[in-house]
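As a plain string of letters, each chain reads:
Number of protein chains: 2
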Amino acid sequence: MGLDPKRTVAELRELQQLTGDENGAQRVAWTETWARAREWLREKVAGTGAEESVDAAGNQWFTLRGGSDRAVLIGGHIDSVPNGGWLDGALNVMAGVEVLRRLADEGQPHVTVRLVNWADEEGARFGRSLFGSSAAAGSMADQDELRSRKDANGIALPDALSEHGVQLDSALDARSELRGAAAYVELHIEQGPVLESLDLPLGVVLGTFGVERHQVAFRGQAAHAGSTPMDKRRDALAGAAKLELEIRGIAQRTGEGAVCTMGGVVTRPGIVTSVVETAECLLDQRHLEAAKLASMLDEAKKASQQFAQEENLEVEWERIWNIEPILFDDALIGLADESVKEVAGTSHRLPSGPLHDAAEVARAGVPSVMLFVQSLRGLSHTKLEDTKEAHLELAVQALDRLATKTIERVASG
Amino acid sequence: MGLDPKRTVAELRELQQLTGDENGAQRVAWTETWARAREWLREKVAGTGAEESVDAAGNQWFTLRGGSDRAVLIGGHIDSVPNGGWLDGALNVMAGVEVLRRLADEGQPHVTVRLVNWADEEGARFGRSLFGSSAAAGSMADQDELRSRKDANGIALPDALSEHGVQLDSALDARSELRGAAAYVELHIEQGPVLESLDLPLGVVLGTFGVERHQVAFRGQAAHAGSTPMDKRRDALAGAAKLELEIRGIAQRTGEGAVCTMGGVVTRPGIVTSVVETAECLLDQRHLEAAKLASMLDEAKKASQQFAQEENLEVEWERIWNIEPILFDDALIGLADESVKEVAGTSHRLPSGPLHDAAEVARAGVPSVMLFVQSLRGLSHTKLEDTKEAHLELAVQALDRLATKTIERVASG
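Chains as they are written, first to last, in our numbering: chain P, 1 to 413; chain R, 1001 to 1413.
Think of the hints as simulated: they come from the structure by calculation, not from any bench.
All values derive from a computational prediction rather than experimental measurement.
Positions of the beta carbon are idealized from the N, C-alpha and C atoms, including for glycine.
A hint or two may mislead.
[Claimed, not checked] Calculated lysine to aspartate or glutamate pairs in the EDC-like style (CA-CA distance at most 20 Å, straight line): (1) 1301(R) - 1289(R); (2) 1232(R) - 386(P); (3) 1405(R) - 1338(R); (4) 302(P) - 246(P); (5) 1232(R) - 256(P); (6) 1232(R) - 196(P); (7) 44(P) - 32(P); (8) 232(P) - 1196(R); (9) 1383(R) - 386(P); (10) 1232(R) - 246(P); (11) 1232(R) - 199(P); (12) 292(P) - 1231(R); (13) 1405(R) - 1330(R); (14) 232(P) - 1277(R); (15) 232(P) - 246(P); (16) 232(P) - 1386(R); (17) 232(P) - 1338(R); (18) 232(P) - 1246(R); (19) 383(P) - 1277(R); (20) 1302(R) - 1246(R).
[Said to hold, decoys possible] A partial selection of chain P residues facing chain R, derived with a Cβ cut-off under 10 Å: (21) 46; (22) 172; (23) 178; (24) 228; (25) 268; (26) 273.
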């Protein structure tokens, strides 16, 4: 019974049948459907002899004891957004199951190998993503704030977790799970268009972007669209328009891997007969290098001030959220490159725009790396999310080879 | 008892006391407060001997019979927006009352002089402005549509009108009122910043702008702000931003009197983590010359198509509303210029951005003209609307002189 990538694809379809509907995957964390998916996963792994345990944050672990307590971790998440895709998170878990089967079939591995199904990667119900992995990483700093969060039906986060055996107050006890962890590997769909545009099935992830997210508000003066001459206007929308166009130049000057997005503008009063008084812009900037990210932010702030001066406006910045870049392990990136080349001929290194559980594990100091498999049309978080079956099979093979190389590396110290 | 401009100011304050509150004027058409204002106006005019009549559209007429049935009309509107200013519309009416008093005091005028208080200039309750004047002008073409309009409380327009003795079905009978009308004059606050910026109390209005109002929708592709490289984006907001900046150039190239406004942008999905898929822009373009307005519209359309091509977007135009420019009468503009010069030393000709009842009367073929008096800070439709008392008094004097000159002109054929 060797590695059978076609079985992974078949099991993903079985899971989608069991936990999805005509609108897509419905495995939202801390729901009945999610619990059913975890029960189904437990049955799938049972044959391998790996021991199941659930930690204090609700993460589901399957441990194949090896010749050493030092452990190689393979991670994924079976939870989805509502109306989600069949692959996001679940591919990672099911490919990991296949690797466990192959390893178990070959007898005791040189080191311990653990598959972890992280709890609530998506944060779909309570708006807090990476719940389980941030607890295990010890980076969960917002427990007081989480205590007061409620879902759309008014149910508090601690109550929902409690129904699934997790006490928010002790979630950080999951930190003990990473003791002995020597390496972490994760496979994920790209959720972007890069690999498809390069016509490559697989890529190696360099790390996750640092993110600076701000609301930028330009303020001018509402004035009648008919009676106010052009040279007497203080049009807040002009400031927003200039900034929208400028951020593309900032990304271009910063070089490959920089992204800047104005995801929305809210105009007030926003009526056809008035010059815009206030334009509130949502700005998202990302880069893999902290210094470059800081410089992008600085450039955008300076540009906004210049535009405000040109247009006789005021401008105000408010930080919504930020996170530093998290880089994956050089040695593991090398092993991942070899693995991809062996199964697909060509590898490609790319940063990850979205965050992943791997970033939390890397933050905790565990050498980590991710593989990306091509996403068709870059779509995810929708039932339209898809990847060619041939590419899914290559992805399982690449993860398997990466697991083998990582085990060898950890075993050899 | 000659002309007493100070009395006009005092009466405007009395009206504000009677029909306003701490939030401003509340004389919304087809309400009790509006009816009270009309009753108050009736009492003010009673002493002049002018006969009152209310036409089929609810317009309130005060007729001073002259030596000829040919009539000079002086117009205004006593209705206001909710929380409105003390001068918009009411100044016109009360200055007209003062002119009627002076004329009546001097005996029978050479021609008939009529003061008209138009019904529902603002359209504040049902969203249809210039109700009474468009009925009298015969340009009210939307009666079927008006029949189904409801106010914020669900009361239908025909029912509200009926409470004030007006039947929508017969409103167009008001057309008979303009038979015999030889000229129409109207005074109004500028509602814009031009006269204040020139430090002039009074101006002569050349006509009302033609307006082209469109929704311009740019459509691209939503994509993850983190995982979509800059060169793979189809960002609808970029099209909107370019158009917002371009319309200023269009106005500038067209020359003085051209205005272009993007009054609002709605972005979808409008979230910080996604490139904008759809940007719906509200575009308002105005000019006093039809050919220049058409050319401004054409330029904006071509620019939008160019931007769509540059950004790999689709763009779609939908007309919301338009109206042709309406020019006032050359001879009356000359008389208005003389009148302003006599009372203020300097006159200035300017177009009107907002529409006015005078435009409807001019459309009906009656030679018309308007005077503007300076608005402080260009504000109107707010309780902050104001004009210096000295300027209000000059305005009453200028309207009086314009009435005299117009009567002489009409009397001499």
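Checking against the hints above, which ones are violated? Numbers 9, 14, 15, 17, 21, 22 and 23, in rising order.
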